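Those sequence lines, one after another, are chains H, U, L and Z.
Just so you know, we're using the numbering used here here: the first sequence kicks off at 1 and counts up by one.
Just so you know, we're using the numbering used here here: the second sequence kicks off at 1 and counts up by one.
Just so you know, we're using the numbering used here here: the third sequence kicks off at 1 and counts up by one.
Just so you know, we're using the numbering used here here: the fourth sequence kicks off at 1 and counts up by one.
Everything labelled a hint here was simulated from the structure, so no lab data went into it.
Predicted model, so just to flag it, every value in this text is computed and none were measured.
You may find that some hints are simply not true.
[As the list claims (entries may be wrong)] Derived lysine-lysine pairs resembling BS3-like cross-links, with alpha carbons at most 27 Å apart:
id, chain 1, residue 1, chain 2, residue 2
1, L, LYS55, L, LYS113
2, U, LYS526, Z, LYS11
3, Z, LYS160, U, LYS526
[Claimed, not checked] FRET-style restraints, in silico, Cβ to Cβ:
id, chain 1, residue 1, chain 2, residue 2, range
4, Z, PRO176, H, GLY85, 11 to 21 Å
5, Z, LYS172, U, ALA151, 47 to 57 Å
6, L, ILE85, U, VAL587, 31 to 41 Å
[Stated by the list, open to error] Which bits of chain L does chain U cover? Going by a derived footprint, with three or more residues having C-beta under 8 Å, they are:
id, stretch
7, 15 to 27
8, 105 to 115
From the three backbone atoms N, C-alpha and C, an ideal C-beta is built for every residue, glycine too.
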Amino acid sequence: MIIKVISIIVLPLIALIIGFFFLGLSRKVIARIHRRYGPPISQPLIDVIKLINQESISHGKLFDMGVILSLAGSVILVLFIPFGGIAPLATSGDLLVIIYLMLLAPLGVALSGGEAANPNVSIGISRKMMLALGYEVPFLFSLLAVMTWYKTTSLVEVVKAQQSFLWAIFYLPLPAVAYFMILPAMLGIRPFDIVSAPQEIASGTAVEYGGRYLALTTIQHAFHIFIDIALFVNLFLGGGNLLTFFVKMLVVFLLGLFINAVFPRLRIDQAIKYCWKWPAILALVGLIIARII
Amino acid sequence: MQLITILVVSFLGAGIVYLTGKFSGRVRDISAVLVSLAVVILVGLAYNQKIYTNFYSLPFLNLSLSLRLNYLSWFFAIIVAGIGFLSILFSLEYIKDYQGVGFYYFMMLFVNAGMLGIVLSADFLSFYIFWEMMSWGTYLLISYKGGKAVAAGLKYIIMSVAGSLAMLFAIVSLYASYGTLKFSSLASLLQIASPGYILFLLLMFVVGFGVKNAIWTLHTWLPDAHAEAVSPFSAVLTGVLVRMGMYGFLLIMYSIVGLSLLHKLGYGLLNFNYILCWIGAITIVIPTFTALLQNDSKRLLAWHGIGQGGYMVLGIGVATSLGIAGGILHTLNYAVCGALLFFVVGAIEHRTGGVRDLNELGGLIKRMPVTFIAGLAGISGLIGVPLTNSFVSKWMIYKTLIMENYPFLAFAAFIGTWGTILSVYKFLHNIFLGQLPEKYKDVKEVPLTMQIPMILLSLAIILFGILPGIPLKVISGIEKSFGVEPLSTTMFGMPKEIGELNLINILAVLLVAGIVVYLIFSLSAKSRRVNQDDNYAAGLFVPRGKYQYSARFYDQAYRIIGPYLHDVVDDFYYWLVGKSKSSFQIVRQIYTGNINTYALYILLFLTLLIFVKLGWGL
Amino acid sequence: MSLIYNWMYYIASGGLILIGMYIILVKTNLIKIIIGLNFIDTGVNILLVCIGYVKGRTAPIFSTSRINPTNVVDPVPQALVLTAIVIGVAVLALALSIAIKVYEHNKTLNVTKIRGLKW
Amino acid sequence: MDRGSIKKWLKAPGKMGQKYSFWVVYFCTGCGIIEIPPTITSRWDAERFGVIPVATPRQANLFLITGYVSVKTLRAIIRTYEQMPDPKYTVGFGSCPINGGMYWDSYNTIKHLDKYIPVDGWIAGCMPRPESIFIAVTHLWTMIDKGMATGYIKYREKYKNYRKNQEEALGKLEWPPLYPVGDKNE
């Protein structure tokens, strides 16, 4: 029980540190791919500290509550996803709960941005929703493939089954590839950053955010990166202990980052069509295979 | 006796309310509320009782009209009574400015009474009588506003009558075969019937109930009817009246035919339940994505009513303990959310002068905060955000689909949820968020009698979302009466052997995380409250109300998926109507309208008769 | 000649019915149609009466004791016709009053020109 | 570069954050837009100083005004400046914002930008090299350390004067005053 409570407190902190490390790393790595020197890895942290100390504007109660809901929803997701075998709340919710809890963060941002009454926000939300509709198809296919293959909806069971023998990526390569292909879309980074395109719609949902709102959004983004990648590692790469889990996450993140660094941005309809074409077909074939065998 | 009291109070109450309306409007309003409240209390008192009464024996055909109460009928009766009461309460202010208010209250109470009769009746004869009462009362209420509503009502009643006829066909065939129409005796008699006959019966009943529950291919009446009816009645329609079809499905499939018999229908994947599941899946996917394209708020919700019905059909179609419980629970949950959302639309209509076009509204959160919270709770419930009610029922349906190895059905259910998220978010955003148009500057919050139903239903959403054990206890009683292994549940979720779901833990961590985040938020630098027109606009100042983006919220997605979402079924029906019209045109040619011609026809017919007679004589 | 004598009533009633039918089929004036209707009515009445009579029998009026009860005619057709005449008058009156109303409404009695219920 | 020094971090984390994380909203009115892309991309890489461009003034804390300021764009500049959250810094880039530059006799150009909004630093030249932006940034660091970059405080304190100047140049402004102006606050 005490261990559980401690892990509930510590796990989000670890996730936060890893998330910020990834955020900083992404800026550094992308800079190096662009042949720049790049900021220090601690730069996202500096930014957040600056933002917390900066004044901001508020459009109303919902504007505040939405951001809080968004971050809180992301924080509790960490507790449901096993990190190196530690998942204090895995008995309270399975993969289905995780899929639904992933809703809270975008819902919070959307509500908060909606009250801001800026059309750029509305466009950003509508694009985010459409993109989500796009990537949910392959995402759900690959999740269902894993759940059908292991005949369970519990993420812990999935990880356990993989650790006793081969990783799921060897049984279900196609859903894994499909999941990896849509990972940038889930994280909202290039080539799928049309949602928050700064040049077109002035960074979309974040257009009215400044100061602490932006700080919370950045923290939420750090959690989000952690969650999506940890989910991939758990589903397909067999989890692992704390160290191997982190190494696997790093590998997946870097692979995704290389794609991020070299691709231009897709238009929203191109993004939807892309998501519904190759990743969806791959994941569907994987699901059919998993269902038949 | 108790059941007769319920029916008498509800039917007689309707008449009394109508009569008092002749004298005083105020007394009528109060008596309408009191009658519906009395029905709620009477039904509530009947909890956990098993009653059977014969209230009238027909002097012919050896039939009798009888009533019964068990868990299934109580579950539906309390939904009917509850939503009926709240909608009457909501109507008080809403309906004030309409004409024929007394008639409206009478019909509302009458339809409610009819629905109570349906769920309480113990034989198919009384079931059919109450069913027709409800159908025709509904027709009158849908057409209440006149204008376009009359066409919607006609569409409804034509499809409804077609469904009722299919049902009547099956009922008559049952009587011809067994000589009785009692549910209990039919249930035992049908156990030795041939599978073909049972399949025929089920098919007929599925058509009959499917029209009401708006399963795909029989759904086309619903969007028109929901959109054109007055909002309090739309709430009753979507939450309760349409779900009478669901009650019928449960009654015929599990109460009468039974699970063991259902498994024998068909072989392999071509069995009745699997096909019903696929119909449910299609009913989820197509209507929820059609809802994405709607710009009329009530029509959008109406399409969701169809889609959520698909979840229920899917749930009971899987025919596992978890699935049936999920389907029944979703009926309750959708009744709560759907009614709430129609109340919200009604409140908006009431205050903005009947505006339903989503593109014309916006920013009403500043003026109608209670309505906004109700709307937020409603859409959260409809989506199934964790800690709201639909989450539990949807979780149960997904879980059973995955564990029973139907991943494609599960995918349909999941993607339907995404369609729901998209369209209901558009609903909320375009009504409440964004800039407040100048013309709604002076809009006020709705009066208390309209707020109370919304608040109660919002609380119900949260309550059933955190404590799903309350309705699930009744549902396990229902399952016991079906002969299905009853679902064992805890108060806050599912026991370990069924799955990992514990909502109180989720609530606790969410609260703790929320408090921590709130502390961080409040300890950091303060923010300045700005007005709505102080918005980033690339360095420009945009006057109030001119800075809004809502028209065609999902335009790109619309361009991609829009062409595939054409309602072909509706087109097919209209094609059928056109074809039958042209064939009836030929018949019409005979009736020239001249007396001479008719006389000629008479003469010719007489001549024919004479020749026939002569032919026989020879 | 006995043929005509024997079948006179039938010929008369048939003739009346045929004339009535001809009027109804051909004429367009509403009054004339009603008259044709009355012709048919009369013809049918005559037919009924003459069918109801059996040659050589008497009316069923037991005025003297010589009349044998087996030798009387069935009185029902005559009573029926009596009623039918009354009904015929009533129908005629109703039809005429409708015709008056039709005329008031349409300013014509020509049935081909009254197009209120036609397509 | 003392970003690594923990001592200073602990003393005033907010100030450290302000210093090493300049989020810039570029207001490229006339010239000067050509100098910005090489500054933020691979050639000079402003990101190593923590300087990144952002899209909206709500997120920015450094306002870079490049090139001449016409009367028409002054309106947008004031609006953008007022929408930026405190603490915020302004840098004029090129000679035109300082004194009109080569447009010193134009009827339609604002000669002295600091009459309308407070400017914390100037980069002179026509045009200045992109490196000079970094010089300005490092200057701002020392100014922040010494507490001299107080333009936003000045704006709040002397808002009445600024508003008067703005209305002189532009006529009546559509938006309400950012800070209370009037007798009761005198």
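Self-check item: Violating hint indices (sorted, rising)
Solution: Numbers 1 and 4, in rising order.
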